[in-house]
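Undergrad: Sequence:
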Amino acid sequence: MGRRWQRGWEAAWRDGRAAPNQNDAVVLLRAATKCAPHVRLVCEATAGYEQLLATASFKAGVPICIVPPQRPRHFAKALGLHAKNDPVDAALLSRFGNQTGPQPAMPKERSRKELESLMRARGELIDALGRENSRHEHHAHPVVLKLAKARIARLEKDIAAIDKAAAAVIAADPLLSKADALLRQVTGVSHQSSRVLLAFMPELGTLNRREIAALAGLAPFDRDSGNKQGKRFIQGGRARIRSTLHMAGLSAAKFNKVLAPAYRKLRKAGKPFKVAITAITRKLLVHLNSIMADFLKNEVAA
0 MGRRWQRGWE AAWRDGRAAP NQNDAVVLLR AATKCAPHVR LVCEATAGYE QLLATASFKA
60 GVPICIVPPQ RPRHFAKALG LHAKNDPVDA ALLSRFGNQT GPQPAMPKER SRKELESLMR
120 ARGELIDALG RENSRHEHHA HPVVLKLAKA RIARLEKDIA AIDKAAAAVI AADPLLSKAD
180 ALLRQVTGVS HQSSRVLLAF MPELGTLNRR EIAALAGLAP FDRDSGNKQG KRFIQGGRAR
240 IRSTLHMAGL SAAKFNKVLA PAYRKLRKAG KPFKVAITAI TRKLLVHLNS IMADFLKNEV
300 AA
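Note that numbering that gives the first Met the number 0 has the sequence shown beginning at 0, numbered continuously upward.
Check each hint, because a few of them may be wrong.
As the list claims (entries may be wrong) - List of simulated lysine-lysine pairs, DSS-like, C-alpha gap at most 25 Å:
1. Lys-156 to Lys-112
2. Lys-156 to Lys-107
3. Lys-163 to Lys-177
What the hints assert, rightly or not - Have a look at the derived ranges for each label pair, beta carbon to beta carbon:
4. Lys-58 to Lys-145: 47 to 57 Å
5. Ile-151 to Lys-296: 40 to 50 Å
6. Leu-144 to Met-105: 39 to 49 Å
7. Asp-85 to Val-257: 49 to 59 Å
8. Lys-145 to Pro-106: 43 to 53 Å
9. Thr-45 to Arg-134: 24 to 34 Å
10. Gln-184 to Val-143: 40 to 50 Å
11. Val-143 to Ala-90: 51 to 61 Å
12. Leu-144 to Pro-67: 33 to 43 Å
13. Arg-183 to Ala-120: 16 to 26 Å
For the record, the hints were derived by calculation from the structure and aren't laboratory data.
Where is the CB? At the ideal position from N, CA and C, for every residue including glycine.
Produce the entire structure from the sequences given, and follow the hints as far as they go.
TA: So this is what it looks like as structure tokens:
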């Protein structure tokens, strides 16, 4: 079996074709990268299936770029490529990586991986709880209503258990604990907001203000053509981060001593509610990024 996997990877390496994402294949891929020390791997984010390859790449010291699936797909459409199968996708990812130069992913410490897993599960439970709360009031039969209430109670219990586990993960890691305390000092940032940022945005404090805003999907884009100047808009980025920051921005617009006056000034100037809140949310993120940058600098100096 090992020889079969090796032949498969040699052909994939030579021709840009795909190989099965299994343990044997990953081990052979790591061996193949040793022959090309400046290689950079590119793969799509596939709901966690890419983590096997990412973990192996981090251990081997090989940079790996994990890109949203829609980016290579749009790239393929721009090239006029409509077919989709494993060999085509492998060649496309290779070409995409060479021409666009995506940034390598950052390896995460064990505590951050655990926190990410917990917060991802929490988000799924919150979504399920929202659906149950929307449905249960429409049940007519008492048995169905009883079962629905039991599911709601179970979901709430599971969410509380995850919150307790997330707090324990942060408390057990000195770096995460300090970062969490710093983030929550900013009015508008709750326990959950801080945990989501720490779990899903490890780049916080390592990028400049424009890069961090673009990563969260809060950077304004132009929509101009000739003499026509369209409305600026935000797009892309990490949806989970953006939605969390939006809730934090709503709170900061009311209670933060610095951001609340800025929000009122924007509204007084005639800016629509969504435009003003997006601006405040972006300012909040930039401020949090600055706080984390100073924190990381002090940790390195210490």
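Undergrad: Now tell me, hint by hint, if it's right for this structure.
TA: Hint check:
Our distance criterion of 25 Å between C-alpha atoms is met by Lys-156 and Lys-112, whose separation comes to about 23 Å. Simply put, Lys-156 and Lys-107 have alpha-carbon atoms about 29 Å apart, too far for the 25 Å limit, and the pair is violated. Between Lys-163 and Lys-177 the alpha-carbon distance is near 18 Å, which keeps this suggested pair within the 25 Å criterion. Against the hinted window of 47 to 57 Å, the Cβ-Cβ separation of Lys-58 and Lys-145 comes to about 50 Å, which satisfies the hint.
A C-beta distance of roughly 46 Å is found between Ile-151 and Lys-296, which places it inside the suggested range of 40 to 50 Å. Taken as a hint, the range 39 to 49 Å holds for the pair Leu-144 and Met-105, whose Cβ atoms sit roughly 47 Å apart. For the pair Asp-85 and Val-257, the supplied restraint of 49 to 59 Å holds, since their beta-carbon distance comes to about 52 Å. Between Lys-145 and Pro-106 the beta carbons are some 48 Å apart, a value that agrees with the proposed interval 43 to 53 Å.
At roughly 30 Å, the beta carbons of Thr-45 and Arg-134 sit within the given window of 24 to 34 Å. At about 46 Å, the beta-carbon gap between Gln-184 and Val-143 stays in the expected band of 40 to 50 Å. In this structure, Val-143 and Ala-90 meet the distance hint of 51 to 61 Å, their C-beta atoms being roughly 52 Å apart. Taking the beta carbon of each, Leu-144 and Pro-67 are about 41 Å apart, inside 33 to 43 Å as hinted.
A hinted range of 16 to 26 Å for the beta carbons of Arg-183 and Ala-120 is consistent with their spacing of about 22 Å.
The structure fails hint 2 only (numbered hints given earlier).
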